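Q: The chain contents come next:
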Amino acid sequence: MIKRLIDWLKKPLGLIAVGIAFLALFSLAAYGISLTQTAPAQPVQFPHKTHVGFGIQCLYCHPGAAKGPSAGIPTEAKCWGCHNQIQKTQTSALLQPLKDSVISGVPLQWVPVAQVADFVQFNHRAHVAAGQNCENCHGDMSKVTVAENPQVFNMGFCLKCHQTVAGDNHELLVKLTDCGTCHY
Amino acid sequence: MSNKFSRRDFLKLAGVGAATTAILTGCGPASRFVKREPYMQMPEYTYNGLSTYYATTCRECAAGCGLVVRTSQGRALKVEGNANNPLNLGKTCARGQATLQGLYNPNRVRGPIKHTRGERLYTADANPFQDEFADATPNMDWDAATQAVADALKNHKPEEIAFLMGMAPDHLFDLVTDLAAATGINAPVRFGALSMFESRATLSQAAENLFGHGGLPLFDVGGAEVVFSFGANFLETWLSPVSYTRGFAGLREAKTKQRGTFIQFESRMSSTAGKADEWMPIRPGTEAMVALAIGKLVSDARGITVPHAFSDVDPVVVASRSGIALATLQHLAGIFANSTAALAIPGGAALGQSNGLAVAEAVLALNALAENFGRHGGVFFSALAPNQTEYQRPASAREMQEFAQKMADGKFKVLFVHGVNPVFELPASLDFKNALKGVEQVISFATFPDETAFESDYVFPDHHSLESWGYQRVVTGPAQSVLSGAQPVVSPFYDTRATADVLIAAAQLAGGEFATALPFTDEVEFLRSKIAPLMEEKQSFFSAPDLNTFTAYFQQYGGWWKTSDGRRVPNTSNALGREMSPAEAKFAGEGEFFFVPFVSPTMAEAGANKPWLQELPDPTTTVMWNTWVEINPVTAEELGLLDDDIVKITSEAGVLEVPVYRYPAIRPDTIAIPFGQGHTAYSRYAEGRGKNPADLLGQHFNEAGDLAFAGMKVKIEKTGKQQPLSRLESIMGVYGVGLGEEK
Amino acid sequence: MAIELKISEVKMSAEQSGKWGMVIDQDICTGCQACVAACAMENNISFVGEVDSGYGRSMHWIRIERFWEGEYPEVKMTANQPMLCQQCGHATCEPVCPAFATVHSQAEQLNLQVYNRCVGTRYCANNCPYQVRAFNWRDYKRPEPLSNQLNPDVTVRRVGVMEKCTFCIQRIHKAQDVAKSEGREVVDGEFTTACAQACPANAITFGRVDDPESLVSQLMKQSHGVKHLEELGTLPNVTYFKGG
Chain A
1 MIKRLIDWLK
11 KPLGLIAVGI
21 AFLALFSLAA
31 YGISLTQTAP
41 AQPVQFPHKT
51 HVGFGIQCLY
61 CHPGAAKGPS
71 AGIPTEAKCW
81 GCHNQIQKTQ
91 TSALLQPLKD
101 SVISGVPLQW
111 VPVAQVADFV
121 QFNHRAHVAA
131 GQNCENCHGD
141 MSKVTVAENP
151 QVFNMGFCLK
161 CHQTVAGDNH
171 ELLVKLTDCG
181 TCHY
Chain B
185 MSNKFSRRDF
195 LKLAGVGAAT
205 TAILTGCGPA
215 SRFVKREPYM
225 QMPEYTYNGL
235 STYYATTCRE
245 CAAGCGLVVR
255 TSQGRALKVE
265 GNANNPLNLG
275 KTCARGQATL
285 QGLYNPNRVR
295 GPIKHTRGER
305 LYTADANPFQ
315 DEFADATPNM
325 DWDAATQAVA
335 DALKNHKPEE
345 IAFLMGMAPD
355 HLFDLVTDLA
365 AATGINAPVR
375 FGALSMFESR
385 ATLSQAAENL
395 FGHGGLPLFD
405 VGGAEVVFSF
415 GANFLETWLS
425 PVSYTRGFAG
435 LREAKTKQRG
445 TFIQFESRMS
455 STAGKADEWM
465 PIRPGTEAMV
475 ALAIGKLVSD
485 ARGITVPHAF
495 SDVDPVVVAS
505 RSGIALATLQ
515 HLAGIFANST
525 AALAIPGGAA
535 LGQSNGLAVA
545 EAVLALNALA
555 ENFGRHGGVF
565 FSALAPNQTE
575 YQRPASAREM
585 QEFAQKMADG
595 KFKVLFVHGV
605 NPVFELPASL
615 DFKNALKGVE
625 QVISFATFPD
635 ETAFESDYVF
645 PDHHSLESWG
655 YQRVVTGPAQ
665 SVLSGAQPVV
675 SPFYDTRATA
685 DVLIAAAQLA
695 GGEFATALPF
705 TDEVEFLRSK
715 IAPLMEEKQS
725 FFSAPDLNTF
735 TAYFQQYGGW
745 WKTSDGRRVP
755 NTSNALGREM
765 SPAEAKFAGE
775 GEFFFVPFVS
785 PTMAEAGANK
795 PWLQELPDPT
805 TTVMWNTWVE
815 INPVTAEELG
825 LLDDDIVKIT
835 SEAGVLEVPV
845 YRYPAIRPDT
855 IAIPFGQGHT
865 AYSRYAEGRG
875 KNPADLLGQH
885 FNEAGDLAFA
895 GMKVKIEKTG
905 KQQPLSRLES
915 IMGVYGVGLG
925 EEK
Chain C
928 MAIELKISEV
938 KMSAEQSGKW
948 GMVIDQDICT
958 GCQACVAACA
968 MENNISFVGE
978 VDSGYGRSMH
988 WIRIERFWEG
998 EYPEVKMTAN
1008 QPMLCQQCGH
1018 ATCEPVCPAF
1028 ATVHSQAEQL
1038 NLQVYNRCVG
1048 TRYCANNCPY
1058 QVRAFNWRDY
1068 KRPEPLSNQL
1078 NPDVTVRRVG
1088 VMEKCTFCIQ
1098 RIHKAQDVAK
1108 SEGREVVDGE
1118 FTTACAQACP
1128 ANAITFGRVD
1138 DPESLVSQLM
1148 KQSHGVKHLE
1158 ELGTLPNVTY
1168 FKGG
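Residue numbers (my numbering), protein chains in the order written: chain A, 1 to 184; chain B, 185 to 927; chain C, 928 to 1171.
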């Protein structure tokens, strides 16, 4: 029985069938992986470059970055605090979801794009305190329209910088390359 | 303050390519992308990713320890002790730690429900670890619920309305007391299984008989050199376990004196007795005569005239009856006599016998002999809490029997139940469930779908304690007078409402004297009215110029307490002059075994719905998730019993089938069963798990009206069935095969 | 690479064996399980249910051992012995891991368990003389809303991953971070582990063993301290005071 199957698989038709099955599996897997890398739509088409272009500092909207682990997403009240005073944006259709949210009290559902895996304990404060600028990891936001992440935050990305920063400082290198510094 | 929090599920998983990413990420959420909701308005004291801490009070037992709860983004994450609170000084017990598993218990009552008695409040017969559960859907709004309470108050005569509440003397008890005093409805009755097993009425009555003044004695274990405990399980659940444990640590790691000695007299080795230097496996019922005999021998050793209290006892007879050799008694008396700071504590099963009051008196008399009253390491009356003029003890079991009788006779038309689960906690023979049938309307304020809520007409759920305002008087433990304060640390998870708010609103609706009795807009205003007088007090932990600041401090520090020692010294002039009876206790029922129920140290009366408390090993047997009966290995061998064999235990009041745990530290003529399991409701983790020893308890009381729960004899029969007990001590596991399968 | 070279230079001597340590006084431990509950609440430890705990799969990172001595009526319960990862300076779990998931932290001198590296061979648990490692035999469910309680500072482990006591490394990092932001060193007693914080008897003391002034170092100097299975050369960092 099995021998017959193997014989059939060795024939051209069988080889083609194997090839098709392999391709189908491969493309399914590729599709699955691509799904995980594509960010879902944001509730508001937020243009970072416009805001950065006006000279607004990162920490104005993401003050948590200097104070704690999470940079945070600004409150709707903070967004509307400015936009309510700008006539053009008061009535803009693009900002309708924000306006609706402020009126109804139902928060917007943002999709954060700069994420690390669950098993990584990342602390913004330590990085900002060490003199790292936001763009070192998040890229040049003055060029970005709707938030997207220029970097894949994998361990190589983190370690490369940690090793560069530590340089010849052995004690710092031990600390910055220790598994327990990020994984617990 | 914190009730302005918007609760939100901070991380909402969007299911994108879940299966693939699970493989890719290994650990972590099933999806790479999540959705985040920012605060609409960020509270000014909150930052993303940083925790906010709130001080509140633990409500897992009636001790009233202070807590500090770590919260983040509106979720409560971790419970710690409040280091400021003089009762627990930053420490907690296991039950306090597991409070969050109550707050986030998957089977809470989700809103006001009009309910048919006996109907379930969540799915039946499902596997708690696999199946989805459906909770009863709220079928009324709170306006209708408030109206129902108002109607119940208005449409009945005052004497037909009764309140049954939990053990803790809290703000709600004060509110109902005020309401009762103004309108003539029955004064609220407080009860809890812990008060039943602690025999609080007996302790208070014994103090009154000896010192002419009732109250809850406070034993300064930390200051003593020698501690004799007659059944008091003060390291487990007794009165205020966290502060007594601190006292025990003080006894042992004495810096300036010798390491203290601790002797426990108990028929089974409890986890408290396990810490004793010497455990005396005393024959149940002989505690009073042993205490008196020690008193006599101590007098002899010191060469003083034997006081009247100890004159009636013959140590030789005591030795033969109690199973403690005369030489041992003399040795113990020597230890007691030679110490300048000896202390004797009555408690636990020793008081839950027909002569429990005599035991308590005899043991307190030992303290009189040691002349330790009011001294470091001695006996005091607990400091009265603020707003308290005398010790208000919870109802004794006999008072509960009378209460149930009144219900059965139809004397109560309306019963409000809050903070207690009498259908589970009272002995089955008292038949509270049946007595409820005599009450026209039962309104339960239960947070969890417990047995009593199942038997109610309405369930109007109160907030969980971590969602509630309030205060609780600390009845015993610290030297100071303490009022532990509670505030919500998270906003209510479900459509629950504070019972105090419901009663205040209902009283307004009912009008008349009800409205004038509770002239408040809400619970917080009521609390402020009770806290305001404390501003005038001297020697207070903090003071403030105005009420707003004072209440803010009250919340911030987690309560209010004095800086001065508020313990009172009993008048002991007549303590040794009384005649004391060395008679043995009488045991009810036929059978060759003394029956000792004890409160599970990890679970107590209300912990069974918290899965992590279920998975904590019992400190002595290391059994998890179940009930066992402790039998001496020699007895077990005689009866042909091995571990996990189910035995049928028959008392005069009931029958129970429980698996055997061969316990090396129990008298061969005694068996013991922990109390805490055996629920027929109370969430997926509690229901159908283990057995309730209260099913075996008959209605016998001691002279003070407490239940003689340890005053029964029972029969044991082998059933031939088996039920493997899961226990930690065997780290390789105890099941050769799957649970429930044939061995 | 530079790192490998440096690691080889680290000496494995008794003096250099630790940074963080613990002293447990068994004489005052009452076995109340407060530490066990506190640990579970802090570290997102799963409960496994009756059947799995009966199979010895319960996930306690700390457990209280008690043993019996003698027979009734001269039976005695030995002093309660809280058993947790001893954070060995020379750990037996480390060299057997084929995935380098259980590695020694050079910075904090702790035995780490790197969950994302762990492939679940369980060699480490089998090689641990203290039997303090717990394996996730299943994805244990936390039905909603129990998951609200999860500590965001600690990874939630899934099936097939080994786990164990970390000396609350998240608290160590937090304390270091706070101290650094205030421009100072971490002060002894500024923070402690969840178990030590809860213990009603104050039987557990945690701190820096490489700082001779710290409370835990002072306690370790007392003569009645013992380290369990020290003779195996594991250089444990938990010192026990025997009872009685």
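I should point out that these hints are in silico values taken from the structure, not numbers from a laboratory. Please note that the accuracy of each hint is not assured.
[Unchecked claim] Coverage of chain C stretches by chain A, computed from C-beta distances (three or more under 8 Å per stretch; other residues unrestricted):
id, stretch
1, 1026 to 1039
2, 1077 to 1084
[Claimed, not checked] From chain A, some residues computed to sit far from chain B (all C-beta separations above 12 Å):
id, residue
3, Ile-16
4, Ala-24
5, Pro-63
6, Lys-67
7, Glu-76
8, His-83
9, Val-102
10, Pro-112
11, Ala-129
12, Val-146
Computed from a predicted model, the values in this text were never measured in an experiment. Virtual Cβ for every residue (Gly too), placed ideally from N, Cα, C.
Q: If I take the minimum Cβ distance from A/Val-102 to any residue of chain B, is it greater than 12 Å?
A: Violated: least Cβ distance 8 Å, not greater than 12 Å.
Q: Checking a non-interface call: every C-beta of chain B should be farther than 12 Å from the C-beta of A/Ala-129. Is that right?
A: 15 Å, holds
Q: Per the coverage rule (Cβ-Cβ under 8 Å, at least three residues), is the stretch 1077 to 1084 of chain C covered by chain A?
A: It holds, with 4 qualifying residues against the three required.
Q: Establish whether the coverage given for the stretch 1026 to 1039 of chain C by chain A is satisfied; the threshold is a Cβ-Cβ distance below 8 Å, and no fewer than three residues must meet it.
A: holds (count 7)
Q: With 12 Å as the threshold, tell me whether A/Pro-63 passes as away from chain B on beta-carbon distances.
A: 8 Å, violated
Q: When you look at the beta carbon of A/Lys-67, is every beta carbon of chain B farther off than 12 Å?
A: 5 Å, violated
Q: Can we confirm that no CB of chain B comes within 12 Å of the CB of A/Ile-16?
A: Given that every Cβ of chain B is farther than 12 Å from that of A/Ile-16, nearest at about 27 Å, it holds.
Q: Taking the closest pair, is the beta carbon of A/His-83 still more than 12 Å from chain B?
A: It holds; A/His-83 is separated from chain B by about 15 Å at its closest Cβ, greater than 12 Å.
Q: Would the non-interface assignment of A/Ala-24 survive a Cβ cutoff of 12 Å against chain B?
A: A/Ala-24 is indeed farther than 12 Å from all Cβ atoms of chain B, at 15 Å.
Q: Minimum Cβ separation between A/Val-146 and chain B greater than 12 Å?
A: A/Val-146 clear of chain B: closest Cβ-Cβ about 14 Å, beyond 12 Å.
Q: Just double-check A/Pro-112 for me: nearest Cβ-Cβ distance to chain B has to come out over 12 Å.
A: 6 Å, violated
Q: Does A/Glu-76 sit more than 12 Å from chain B, CB to CB?
A: 5 Å, violated
In summary, the numbered hints that this structure violates are 5, 6, 7, 9, 10.
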